[in-house]
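J.: Mind docking chain B on chain A? Use the hints.
Residue numbers (the numbering used here), protein chains in the order written: chain A, 7 to 300; chain B, 481 to 717.
Heads up, some of the hints might be wrong.
[What the hints assert, rightly or not] From the structure, some residues in chain B lie toward chain A, with a derived Cβ separation under 7 Å:
#1 Tyr554
#2 Phe571
#3 Leu697
[Claimed, not checked] To list a few chain B residues with every Cβ distance to chain A over 12 Å, as calculated:
#4 Asp573
#5 Gly583
#6 Phe585
#7 Glu592
#8 Ala631
#9 Asp700
Hints are computed from structural coordinates only; laboratory data are not their basis.
The C-beta atom is built at its ideal place from N, Cα and C for all residues, glycine as well.
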Amino acid sequence: MSSFITYLINGISLGSVYAIIALGYTMVYGIAKMLNFAHGDIIMVGGFTTYYIASVMGMPSAVGVLGAVVVCTALGVIIERIAYKPLREASSLSVLITAIGVSYFLQNAALIVFGADTKSFKSVIDIPSLSLMGGTVTVSGETMVTILSCIIILIGLTAFINKTKTGQAMLAVSEDKGAATLMGINVNRTIAVTFAIGSALAAVAGVLLCSSYPTLSSTTGAMPGIKAFVAAVFGGIGSIPGAMIGGIVLGIIENLSKAYISSQLSDAIVFAVLIIVLLVKPTGLMGKKIQEKV
Amino acid sequence: MGKILEVKDLNVYYGVIHAIKNVSFDVEEGEIVTLIGANGAGKTTTLQTITGLISAKSGHVIYGGTDITKTPGYKLVSMGIAHVPEGRRVFADLSVYQNLMLGAFTRSDKAETEATLSMVYKRFPRLEERKEQRAGTLSGGEQQMLAMGRALMSHPRMMLLDEPSMGLSPIYVNEIFDIIKKINEDGVTVLLVEQNANKALAIANRAYVLETGNIVLSGDAHKLMEDPQVKAAYLSE
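Just chain A, same shape as in the assembly:
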C-alpha cells in the first residue's frame, strides 16, 4: 500500500511537469492555432540556463531559475517573431514543418554551445523530504515543490485569463481573430504574449524536471515535450483545465505502469491510453466540440 502511494505521488509530480509544459502547448494552439513542436526544446534551454547560472557560475538557485525564465521568455518571443509570424497566413502544414525545424535547430545549437556530454544538474530545491504514514512513504522536496508549483500556476493562469484585459483578449483571439481586431485588440501582440507566457512556463518546467531527474543534454526536452503534447491532446487541446488533467493523468499512468507492469512498456502504455481516449472521445477529455463556422 505504502509503495503504491509513493508511486502515485511521484506520478502526480511527473504529471505536474507534463501539465506545466502542456499548458504552453495548449495556449499556443488555442490562440495561434499551431502546434509549436519547439516547445519541448525551450525546456532544455531553461535547464541549461539554470545549470550555467547556478552550478557553473555558482550563483544562488533563485537567480538561476529567474534567469531561465527571462531567457526562455525572450527566446519564445523571438522564435515566434522570426519563424512563425511571417507564416500567419500560410497553411498549417508549413507552420508545423517550420516548428519541427525550429526544434531541430534548438537541439543542434545546444549541442554546439553546450557540448555533447551529459551534464549533471544540481537540484535547485533545498527542502528536506517529508515522511508520511509512520515513515513508510517519503515525499522528496522536489516532489512537493513541483506539485505546489503546478497548482499555483493553474490558479494564477486562470485568474490572469479571467480577470485581466490581456487574458480576455487571448480568449477573443482564440475564437475569432478578425472579430478580435474589430474590438481594437492587437492580434500579433496577443500572440506574442501567449508565446512569452508559454515559454516562461516551459522554463519553470525545465528547472523542475531537471531537479527531479538530474541529467541534462541537448535532447532533454524532446521526450517530455512529446509527452506533454500527448497530455494536451489527451485533455482536449486548447483547454487549460484539460492540459492540467491530461498531464497529471499521464504522469500517474506512466509511473504506475513503470512500477507494476514494465518500465520498457510504460511509454507504449501511455500512447495506447491516448489512442483509446481519442477513439472514445476524439476531442479529448475536456475538448470542445468543433463548431462549424459559416
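T.: The following block gives chain B in isolation, referenced to the frame of chain A:
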C-alpha cells in the same frame, strides 16, 4: 457638418479578381448612408477594406481628415470607428457580459465604461437579462443585438453595420432597423450595408448602389426608392 468618411478611387483585388473598382463615396457626420446591392456586389469587401481587414490595392480611405488606408485595423476602434461584421461574429464561448466588455477593450475609463454598459443594457434589455449566458446560445436576433451593443461599448463616432438584418425573422428585422435609427439619433454616424434595400432606404439619408464592384447610382435615399431602375432591381419584393 463636415465629411467624416471619404473613400476615394478604392480598388481591391482578391487574387486576380477585381472586387472593388474605383469606388468613391463619402459620409457626412450625423448621417445614415447605406450601400445597397446584390450578393457579391462588393458591399462587405468595401467595409472590410475601410476597417483594415482587407488591404486596398490603390485608393484612399480618409476618416476625420486622416488617411487611414494603411492604418492597422485594431487602431481604428480607439479613433471612433466600430464595425459590426457580417454574420455578427459574437464570441460564442464567452458570456454576453464578456462580449460587451471586449467591445470596450480600448477604453481605460472605468466609470464611463460602466455608464456606457448601462446605456447599452437600457437599449437592449434582453442583453442584461442574459448577461451571464454564453453568446452562442442566443437567438440570431439577440446575437445581432449583442454585436451592436458590443460595438456601442467602444463609444464610437461612426458605426459600420454589415447586413444587420441577415437571417432574422421579420419582427427582429423591424426592431433592428428601429434601433439603428435611434443609435443615429444619439449622434452616431452610420454606414449601413444591406441586401434589404426597402428597409435600408427607409431609414437612410443617402444611398449608393453597388453592382459588381462599381457604384452605379447614388443620391437621396427617398428619391432612390422611387427610381425605376432601383425599384426593378432591388425593391421587387
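J.: For every hint, state whether the structure bears it out.
T.: Hints versus structure:
1. Because the smallest distance between the Cβ of Tyr554(B) and any Cβ of chain A comes to about 5 Å, under 7 Å, the interface hint for this residue holds.
2. A cut of 7 Å between beta carbons decides the hint on Phe571(B): the least distance to chain A is about 5 Å, and the hint holds.
3. About 29 Å separates the beta-carbon of Leu697(B) from the nearest beta-carbon of chain A, more than 7 Å, and the hint is not met.
4. Not every CB of chain A is more than 12 Å from the CB of Asp573(B) (nearest about 6 Å), against its label as outside the interface.
5. Listed as a non-interface residue, Gly583(B) fails to keep its Cβ farther than 12 Å from every Cβ of chain A; the least gap is roughly 6 Å.
6. Not every beta carbon of chain A lies more than 12 Å from that of Phe585(B), the smallest distance being close to 5 Å; the non-interface claim is violated.
7. Distance to chain A confirms Glu592(B) as a non-interface residue, since its nearest Cβ pair spans about 16 Å, more than 12 Å.
8. With a least CB separation of 8 Å from chain A, Ala631(B) falls inside the 12 Å interface cut-off, contrary to its annotation.
9. Every beta carbon of chain A lies more than 12 Å from that of Asp700(B), the smallest distance being close to 30 Å; the non-interface claim holds.
Consistency with the previously given hints fails for numbers 3, 4, 5, 6, 8, ordered from lowest to highest.
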